[in-house]
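Student: As they're listed, the protein sequences go chains R and U. Counting from 0, one number per residue, gives the positions in the first sequence under numbering that gives the first Met the number 0. Counting from 0, one number per residue, gives the positions in the second sequence under numbering that gives the first Met the number 0.
The hints are simulated quantities; they were obtained by calculation from the structure and are not laboratory data. Any given hint could turn out to be false.
[Unchecked claim] Keeping only pairs whose Cα atoms sit at most 25 Å apart, straight-line, the calculated SDA-like set for lysine to any residue is: (1) 66/R - 237/U; (2) 66/R - 11/R; (3) 66/R - 76/R; (4) 229/U - 26/R; (5) 248/U - 24/R; (6) 66/R - 498/U; (7) 76/R - 283/U; (8) 76/R - 237/U; (9) 270/U - 16/R; (10) 66/R - 302/U; (11) 66/R - 303/U; (12) 160/U - 303/U; (13) 533/U - 627/U; (14) 495/U - 399/U; (15) 494/U - 702/U; (16) 248/U - 237/U; (17) 248/U - 23/R; (18) 270/U - 18/R; (19) 518/U - 288/U.
Here the structure is a predicted model, which means the values were calculated and not measured.
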Amino acid sequence: MTGPARLVDLRPGERALIRDLAGEVPLVQRLLEMGLTEDEEVEVVRFAPLGDPVEIQIRGYFLSLRKQEAAAILVEKI
Amino acid sequence: MPGQSAVRTRRIALAGNPNTGKTTVFNMLTGFRARTGNYAGVTVERKAGGLKGAPEDQPVEIVDLPGTYSLSARSADEMVAADVLLGLREDEERPDLVLIVADASNLERNLFLATQVMECGVPCVLLLNMMDVAKENRLAIDATGLSDRLRVPVFPIVAAKGEGLDAVRDYLVRGSFEEAHSALVEFPEVFENAVTDLLRTIRESDCPETFARPFLARRALLETDGIAGKRLLDCGGEAVSTALSQSRKAIEESGQRIVSLEARVRYGFIKQALRDVVERPEERVETLSDRIDRILIHRVWGTLVFVTLMIIVFQAIYSWSAPFMDVIDGVFGFLGGRLAAVVSEGPLQSFLVDGVIAGVGGVVIFLPQILCLFLFISLLEDCGYMARAAFLMDRLLSRVGLSGRSFIPMLSSFACAIPGVMATRTIEDRRDRFTTMLIAPLMSCSARLPVYTLLIGAFIPERKVVGFIGLQGLTLFAMYLVGVVVAIPVALILKKTFFKGSTPALILELPPYRRPGIKVVIWRLWERAGAFLKRAGTIIFAVSIIVWAAAYYPRSASVREEIEQEYLFELAEAGPDELPAVEERMEREIEGAYLRQSILGRMGHVVEPLVRPLGWDWKIGMATIASFPAREVIVATLGIIYDVGSDADEESPDLREKLQNARHPDGTPVFTIPVALSIMVFFALCAQCAATLAVIKRETNSWRWPFFSFAYMTLLAWIGALLVYQISAAILS
Numbered sequence: 000m001t002g003p004a005r006l007v008d009l010r011p012g013e014r015a016l017i018r019d020l021a022g023e024v025p026l027v028q029r030l031l032e033m034g035l036t037e038d039e040e041v042e043v044v045r046f047a048p049l050g051d052p053v054e055i056q057i058r059g060y061f062l063s064l065r066k067q068e069a070a071a072i073l074v075e076k077i
Numbered sequence: 000m001p002g003q004s005a006v007r008t009r010r011i012a013l014a015g016n017p018n019t020g021k022t023t024v025f026n027m028l029t030g031f032r033a034r035t036g037n038y039a040g041v042t043v044e045r046k047a048g049g050l051k052g053a054p055e056d057q058p059v060e061i062v063d064l065p066g067t068y069s070l071s072a073r074s075a076d077e078m079v080a081a082d083v084l085l086g087l088r089e090d091e092e093r094p095d096l097v098l099i100v101a102d103a104s105n106l107e108r109n110l111f112l113a114t115q116v117m118e119c120g121v122p123c124v125l126l127l128n129m130m131d132v133a134k135e136n137r138l139a140i141d142a143t144g145l146s147d148r149l150r151v152p153v154f155p156i157v158a159a160k161g162e163g164l165d166a167v168r169d170y171l172v173r174g175s176f177e178e179a180h181s182a183l184v185e186f187p188e189v190f191e192n193a194v195t196d197l198l199r200t201i202r203e204s205d206c207p208e209t210f211a212r213p214f215l216a217r218r219a220l221l222e223t224d225g226i227a228g229k230r231l232l233d234c235g236g237e238a239v240s241t242a243l244s245q246s247r248k249a250i251e252e253s254g255q256r257i258v259s260l261e262a263r264v265r266y267g268f269i270k271q272a273l274r275d276v277v278e279r280p281e282e283r284v285e286t287l288s289d290r291i292d293r294i295l296i297h298r299v300w301g302t303l304v305f306v307t308l309m310i311i312v313f314q315a316i317y318s319w320s321a322p323f324m325d326v327i328d329g330v331f332g333f334l335g336g337r338l339a340a341v342v343s344e345g346p347l348q349s350f351l352v353d354g355v356i357a358g359v360g361g362v363v364i365f366l367p368q369i370l371c372l373f374l375f376i377s378l379l380e381d382c383g384y385m386a387r388a389a390f391l392m393d394r395l396l397s398r399v400g401l402s403g404r405s406f407i408p409m410l411s412s413f414a415c416a417i418p419g420v421m422a423t424r425t426i427e428d429r430r431d432r433f434t435t436m437l438i439a440p441l442m443s444c445s446a447r448l449p450v451y452t453l454l455i456g457a458f459i460p461e462r463k464v465v466g467f468i469g470l471q472g473l474t475l476f477a478m479y480l481v482g483v484v485v486a487i488p489v490a491l492i493l494k495k496t497f498f499k500g501s502t503p504a505l506i507l508e509l510p511p512y513r514r515p516g517i518k519v520v521i522w523r524l525w526e527r528a529g530a531f532l533k534r535a536g537t538i539i540f541a542v543s544i545i546v547w548a549a550a551y552y553p554r555s556a557s558v559r560e561e562i563e564q565e566y567l568f569e570l571a572e573a574g575p576d577e578l579p580a581v582e583e584r585m586e587r588e589i590e591g592a593y594l595r596q597s598i599l600g601r602m603g604h605v606v607e608p609l610v611r612p613l614g615w616d617w618k619i620g621m622a623t624i625a626s627f628p629a630r631e632v633i634v635a636t637l638g639i640i641y642d643v644g645s646d647a648d649e650e651s652p653d654l655r656e657k658l659q660n661a662r663h664p665d666g667t668p669v670f671t672i673p674v675a676l677s678i679m680v681f682f683a684l685c686a687q688c689a690a691t692l693a694v695i696k697r698e699t700n701s702w703r704w705p706f707f708s709f710a711y712m713t714l715l716a717w718i719g720a721l722l723v724y725q726i727s728a729a730i731l732s
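Given only the sequences and the hints, what does the whole structure look like? Please build it.
Tutor: Next comes the structure, spelled out in structure tokens:
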């Protein structure tokens, strides 16, 4: 069991549980509103053709985030 | 309140997340009859309409609130939605009922806003839209069960097909709404105590009675830098400010983090509420949307599809609309011919034929192309591809300091910069919003299209380059590219100077693909056509008349007499064969002299030294001046200018031919390929659109930015036209 990974380090198709959000308050609040709360399951779906942003699946819908924002999401792989 | 005693209009607000089909619900309920306006003081569109089928003595008005993900308002759109629900807007009464539209296939996230709204103190109804998609995804939703859990009426609907809406309409007409419930989601005790404390302070403060609502106090506590807190501090002052920070401190000290409190509690409640109410398949089914996305945002295929799509759009605008344009051209040509035959020669005939018919006809002819462009934009937006385009383009846009969110305003600007500039409202970050607004008018809007098509049609040879792609279509594509290419350094410079700061976050939903509603698309096109024709009928019509008058007057008889005097000898000398030719030359010289000393002609001469290096003559210079109010006016102006200069009997209905036949005094053609290119590049980059400048003023709330836009774009346009003319002239000579 290693420490928390960053969501951005996951490969497409990999799933994880959200452990913490480490970023500035407005960003964290918006991510929370969009459903990225602690213990929620998240899957990295794909990266955009140019490598950024990343598409994730959360609570049954698809959301696109920049790697920079995805790096603020600390997860535990499952 | 006036009228209240007689018939009270019931007021219904529509709230919901973006991409839930809220607008479709609105259109279906109102029967596509919306009145649009603006909320006072902010630049958010207010859309309202009467409920279709409501009895005359029981009118129901539906207001479509901006789509938001949460009530903690950050953008102007969200602020309006929150204010209306809080009852804080003076120009919008608090609604009697809120219809919350939720995407049934994505209930968890949709219920976040929904449960927030349900606590606002106004009766609520939940519409579960897109039940068909939910079924396809093998989600079984028990609407009655959900209604019990949320304690609001729930209606399952498929708005795009009109399914389930009759029940909603009946409910609205009946008007016996359930009571609003004040607290739905249970928050920790320490929070509830803080709410009570804060409410007491608000009641004792100078705030109006309406501010002492539990909902407002809750929002103020939960939102850091939110609108509710701001409103309270505005009226409550020091006392409320202290109470607010003390309450927050008490909550934090109990071990609850305020930042995550609401999301944690609310999503916890939603999970619980949906248990046994929504049944999901064991394994997530791969939806059609997933399969489409595997191609459309694939590394290789996605990019390929995107580029191909854009090329097809431009090719289509160019060739599909051609037959319709020919018909319009024919109609106006016929009208002009009839009028010329009926009205006797003189100022009135010139005014009607050269001023009115040529001016308005020259603009209306582009209606098919504008509709074609709006058709594509509408379809791409409604089917969900626009969000994918933002996803694909974000990396590129982030390199110039913008985000994928700027893509939609910019793409809209290809139709018209006005909706484009207005679409920047959805960009939360102020610096991003301003930068996007300032570069949006560089995108080639539909008003440039008349300029491009006219000049391309007249001067670029019709030749196939590859397959069905012709040289003309390619030139058009290049013109569209010019604005984009120039926008890149401009955005970079703006982000490095006026709008310094880090690249803001991108949090963008990729909604499932759906079939665009044909009715909605057609209705939107109808709206656009109306708006365009109204513009052609008003501004452009007025400008056409002013331009015609400025080109026709002053018209002193001495000009004619002087030239006739000069020709006396030549006319006497000419043999019978030469006589018509000499007379024609004289008439042309007279018309030219009239034009030269007209008001517009004098202005053209003033700017001539400036436009000479661009390969233009003073006539083009003056046409450009005349087109300050709107770019497409240049087409009408050129028509008028070259008509006034031509022989009265001559049958020359086609403006293209007129331009091709235009000659300098020395007999060389005025318009060559380099000149045509230089005019097109100038119009691609200039800010000749009073309406756009006015919208920028409104959106930035300052005259500084429209002036700035006009100055920098005109300078760029001049430099661009200079380079293109000099280089292409050197190559082609």
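Student: Against the structure, test the hints numbered earlier, and report the numbers of the ones violated in rising order.
Tutor: 1, 8 and 12
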